[in-house]
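**Q** Below, each chain spelled out in residue letters.
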Amino acid sequence: MKKSGQNTQETDITRKKRKKGRLMWGFIYVLAFITAFCGSALFKMKYNPYGKEFTTEWNDSVGTVYTDLSYGDREANRFDLYVPAGRSRDSYGLIVYLHAGGFTSGDKSDDEQLLKWLCSKGYVTAGINYTLRTEDHPEASVYSQSVEIRESIPYVLAEAERLGYPIREMAVGGGSAGGCLALLYAYRDADSSPVPVRMVFEAVGPSSFYPEDWKCYGLDKNEEAARALFSVMAGKEITAGFGTPEYEKEIKDISALLWVDSDTVPTLMAYGKCDKVQPYEASLRLLKALEENGIPHDYYLGEHSGHGIQNDPDVYADYMRKTLEYLDTYMPVR
Amino acid sequence: MNLTQKRILILLIVILAGIVLGRLAVRALMNFLLGGTMFGGSLL
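Protein sequence lines correspond, in order, to chains A and B. Just so you know, numbering that gives the first Met the number 0 puts 144 at position 145 of the first sequence, and the rest follows in order with no gaps. Just so you know, numbering that gives the first Met the number 0 puts 21 at position 22 of the second sequence, and the rest follows in order with no gaps.
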């Protein structure tokens with residue numbers, strides 16, 4: 000009887016130990032999962048698939064940055080100028096890069112690394128702000144922004160000249176909203192540019208405004224919504240029927256596609272096939288127009304990506320490398 | 000395979016699942032915001 004009681008006590012202790020062990024291991028599993036999940040997610044967000052290929056170790060021996068230079072009366076009329084070290088050459092090529100942000104956000108400083116990298120290749124580079132469409136500026140539109148960019152260029156050139164960097168030619172680039180504005184400057188305003196525009200490079204910028212392309216916002220099924228959005232972007236009331244020559248006339252001021260002709264500058268572009276922010280289909284129209292007009296161009300497509308070309312870093316890296324090739328071809332450092 | 004070995008094996012599987020699901024969660028979020036496919040393209 001005594002031995003049996005002792006055995007029961009031992010079994011209870013073993014059971015309790017096992018229960019404690021199961022609880023502890025359960026806790027370890029949960030903790031390990033959460034740590035691995037969060038660590039992996041953070042790594043994914045922070046990981047730079049391009050390494051240091053498109054950045055530069057910036058210091059005085061590479062160049063100098065002049066920030067918040069003014070080109071107009073509006074608060075946003077500011078630009079940053081990056082000039083390469085030394086003033087050994089008679090003239091320089093200028094690269095203007097316009098920031099992303101859906102025409103409503105973003106800042107020239109977002110592209111600081113890119114501008115420094117391009118400057119390290121021997122170019123004068125500039126990041127230009129424009130008045131964003133916000134509650135404070137409900138009057139701002141894609142058109143008004145494109146006009147501000149056009150107005151800024153003489154100031155950028157004058158400032159570069161003042162610093163001892165006379166500009167002989169320029170290239171323009173941008174991402175998303177900046178890509179749209181870059182295309183507009185290169186296609187619409189190149190003729191009035193103070194220096195020749197040699198090329199344009201842009202990623203995921205909207206270049207045309209046909210409701211049937213803009214499925215990402217359901218505009219293909221809602222003409223009224225399409226008219227409202229395009230009117231806001233154009234900065235004027237769009238009244239003509241879609242698909243008519245009158246409509247193209249009304250939208251032409253903000254539609255880079257409609258400015259493509261045989262004199263259009265070489266164009267390098269990158270898009271995401273699954274883009275939910277601006278229509279991939281519009282990029283096909285631009286591609287077709289460039290082909291039909293015999294314009295030198297390259298088109299990079301991220302088959303698995305959307306607006307950030309985020310799932311196809313190899314495609315984006317090729318686009319960046321091609322940008323250097325284009326610069327070497329159409330605006331070489333002399 | 001004793002109990003400790005089994006537990007370590009389960010732990011490794013749990014960690015692996017956490018790593019894979021963490022990456023997929025970020026990709027899914029980015030795809031939700033920007034568009035994109037869950038598979039294909041870069042694994043990293």
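It is worth saying that the hints were derived from the structure and are not from the lab. Values in this document were obtained by computation on a predicted structure and should not be read as measured data. Virtual Cβ for every residue (Gly too), placed ideally from N, Cα, C. A portion of the hints provided could be inaccurate.
Pairwise CB distance ranges (calculated) [stated by the list, open to error]:
| # | chain 1 | residue 1 | chain 2 | residue 2 | range |
| --- | --- | --- | --- | --- | --- |
| 1 | A | T10 | B | L32 | 52 to 58 Å |
| 2 | B | V19 | A | E9 | 41 to 47 Å |
| 3 | A | R149 | B | V19 | 36 to 42 Å |
**Q** Of the numbered hints stated earlier in the document, which are not met by this structure?
**A** Going through the list in order, the structure violates hint 3 alone and respects the others.
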